[in-house]
Amino acid sequence: MTTDSPINSSPLLQVRDLRTSFNTSEGKIAAVNGVSFDVHHGETLGLVGESGCGKSVSALSIMRLVPNPPGVIESGEILFEGVDLLKISDKEMQSVRGAGIGMIFQEPMSSLNPVLTIGRQITEPLGVHLGLKGSAAENRAAELLELVGIADSKRRLGDHPHQLSGGQRQRVMIAIALSCEPKLLIADEATTALDVTIQAQILELMKNLTAQLGTALMIITHNLGIIARYADRLNVMYAGKIRESGNAEQVYLRPSHPYTVGLLNSVPRLDRPATERLDPIEGDIPDPANLPSGCAFTPRCRWATAECELSEPVLEQVEDRQMVACFESKAVSDSVGIALQ
Amino acid sequence: MTNKSDLSEQSAPAGTGVSGSTPLLSVRDLKVHFPLKRGFIVQREVARVRAVDGVSFDIMPGETLGLVGESGSGKTTSAKAVIQLTKPESGSVKFEGQELVGLGTKAMRPVRRKMGMVFQDPYGSLNPRMRAGDIVGEPLKVHGLADSKEDYRKQVASLMSTVGLSPAMAERYPNEFSGGQRQRLGVARAIAARPSLLILDESVSALDVSIQAQILNLLQDLQEQYNLAYLFIAHDLSVVRHISHRVAVMYLGKIVETADSKDLYERPLHPYTRALLSAIPTPNPIIERSRERIVLRGDLPSPLDLPSGCGFSTRCPIATDRCSESSPELRTLAPNQQAACFLAEGVS
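The listed protein sequences derive, respectively, from chains A and B.
To convert, note that position 208 of the first sequence is 207 in numbering that gives the first Met the number 0; the numbers rise steadily by one, no gaps.
To convert, note that position 91 of the second sequence is 90 in numbering that gives the first Met the number 0; the numbers rise steadily by one, no gaps.
Hints are computed from structural coordinates only; laboratory data are not their basis.
Incorrect hints may appear among the rest.
Said to hold, decoys possible - Derived, one-sided and incomplete: chain A residues facing chain B with beta-carbon distance under 7 Å:
hint, residue
1, 88
2, 89
3, 130
4, 164
5, 166
6, 192
7, 195
8, 196
9, 224
10, 279
11, 311
12, 313
13, 315
As the list claims (entries may be wrong) - Derived coverage of chain A by chain B (criterion: at least 3 residues anywhere in the stretch with Cβ under 8 Å from a Cβ of chain B; other residues may be distant):
hint, region
14, 10–23
15, 91–104
C-beta atoms are modelled at their ideal positions from N, C-alpha and C, and glycine is treated no differently.
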């Protein structure tokens with residue numbers, strides 16, 4: 000998975016064979032089970048999959064925010080600007096968070112401290128990472144609020160989170176995440192809880208700001224439409240592994256993994272006739288404590304053969320930049336190609 | 000309500016294969032207001048939230064009406080007022096010709112048998128201490144629809160297989176089911192008493208996409224099989240388009256546009272509908288990258304402090320002075336299509 004970036008040849012972030020597991024009463028669960036991918040300078044990468052596929056745990060692992068116990072990062076490398084984040088001290092990691100990598104979570108209400116003013120929460124990272132204090136920090140905080148589209152920013156600094164609407168809280172989260180101009184911004188289902196018109200506002204804002212600042216963006220979502228609109232490349236995850244990755248055009252127009260095909264056929268789409276019957280993936284998402292042998296998608300897969308139960312396919316290149324972990328990828332992409340015409 | 004005659008005109012859904020011409024459910028000028036009271040001993044009403052403010056619609060037998068809108072638009076309150084879980088301030092709800100507003104709890108019981116409801120949260124809406132079979136079979140007991148224990152067991156088994164669950168699972172508890180299976184249980188319970196109308200309040204919103212598609216297909220099959228009518232409430236417009244024959248768009252307690260599904264999506268007339276549609280990204284990068292998006296300014300106004308005139312005027316990209324002075328009524332602008340906007344002609 001070493002693809003050259005159009006902007007800069009050495010990737011900003013390289014994740015190599017990351018394994019993160021959780022110890023539960025039902026035994027050890029491998030939430031992320033050997034994931035490797037790159038994020039290049041200034042690009043937007045999408046991480047898509049259903050609940051429990053490991054997309055959020057991948058992001059938390061990068062930030063070293065996996066709750067321990069029960070979570071453990073078992074092995075792997077997370078190289079950020081060439082430095083392995085899994086090898087540095089907690090204190091060094093502290094300076095990567097915020098200054099190097101910013102993160103926005105789904106729940107703006109629970110990510111903000113309800114008893115502190117907005118101003119206090121924006122100036123805190125400015126003091127820690129940039130050494131800005133007093134009125135300098137306050138002016139910068141007001142600028143940041145202005146940047147994320149909150150009017151009357153000076154006065155707003157004195158507000159508490161409950162005085163803001165859901166969309167405004169998420170704007171404040173973006174202001175905090177971008178306050179120290181990180182090189183990478185991770186948005187984990189950042190707009191999922193918002194209404195569609197507010198979702199559109201926040202996504203456009205995030206895209207415009209990261210483009211303006213040259214920040215790379217990693218969008219984690221289950222919404223295939225959001226990825227199609229904003230991501231340059233995407234990784235499709237299922238049961239702790241990346242099953243397909245590639246440029247957005249490649250993956251959407253010529254999906255080669257049965258799971259990707261199933262996802263795309265499951266969503267009602269405004270670009271297809273309304274009368275078309277949905278073609279869902281059969282069965283349920285497997286229990287992570289009890290994954291099927293071989294390829295974890297086998298029990299739900301239409302293309303599965305005897306081989307799929309015995310051994311696990313690894314990611315292989317099928318096209319320039321498109322990688323798929325499936326023995327039958329050729330048959331899959333051929334059949335979809337016909338369906339699309 | 001001046002648009003009463005317009006609404007009866009619109010109530011013949013075109014090309015939906017719907018039988019009969021009398022509506023199964025007929026809602027007229029429905030209003031649900033929540034007073035906000037202050038005071039310790041003597042409570043005074045200090046403000047009033049107009050959660051639903053003059054909503055009218057019809058649902059024909061076997062038809063799906065999609066009700067869309069953002070949070071706080073009054074979709075769920077409308078549904079609750081239809082089934083009389085919330086008492087409306089005024090208006091009329093006629094179901095199979097019978098007026099429901101003002102009916103007592105006892106008189107409502109036989110009506111509720113014919114109206115099933117499926118909720119959003121498949122985790123919160125099933126009693127964790129009841130076996131799956133008893134959850135599904137409870138309406139049969141309540142309404143006395145099973146002749147014997149044997150008949151009850153048979154009906155439960157058949158309901159479970161109708162929704163794609165193995166009858167052998169009847170002995171299990173809800174925590175042994177996945178989210179999708181729980182929602183199937185919820186559907187089985189809702190159809191147990193053979194209703195003619197199902198109210199589906201964000202019933203697929205919490206599900207993963209692959210599971211959501213399974214439930215949507217199940218709902219379409221059930222509709223065909225039993226000629227069920229659906230009041231389908233959702234915020235996801237692509238899901239609503241997929242399942243609905245007709246769609247009503249709500250904003251701040253009012254219906255701002257209603258039309259046959261096809262027309263609404265092909266030719267939205269209200270600027271709010273247009274903005275909503277433009278906010279949904281389609282899973283196709285080529286379409287998405289070339290598509291212009293209408294990004295609305297600001298947030299939904301507070302329900303306690305509604306703007307004067309048209310409720311949407313504060314966020315509307317084409318609003319004029321007139322829009323903040325008076326409030327537009329729903330007008331018929333095309334066959335089977337109504338919008339509440341002074342400027343709707345200019346929109347298309």
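Status of the hints after comparison with the structure:
1. 88: Residue 88 of chain A check fails; min Cβ-Cβ to chain B is 38 Å, beyond 7 Å.
2. 89: 35 Å, violated
3. 130: Violated, because the Cβ-Cβ distance from residue 130 of chain A to chain B comes to roughly 35 Å (cut-off 7 Å).
4. 164: 5 Å, holds
5. 166: Status holds, d = 6 Å.
6. 192: Constraint on residue 192 of chain A not satisfied, violated at 10 Å.
7. 195: 5 Å, holds
8. 196: Nearest chain B Cβ about 5 Å off; hint holds.
9. 224: 3 Å, holds
10. 279: It holds, given that the least Cβ distance between residue 279 of chain A and chain B is near 3 Å, below 7 Å.
11. 311: This hint is violated: residue 311 of chain A lies away from chain B, its Cβ roughly 21 Å from the closest one there, beyond 7 Å.
12. 313: Given a least distance of 24 Å, the restraint on residue 313 of chain A is violated.
13. 315: Check failed: Cβ of residue 315 of chain A comes no nearer than 23 Å to chain B, outside 7 Å.
14. 10–23: violated (count 0)
15. 91–104: violated (count 0)
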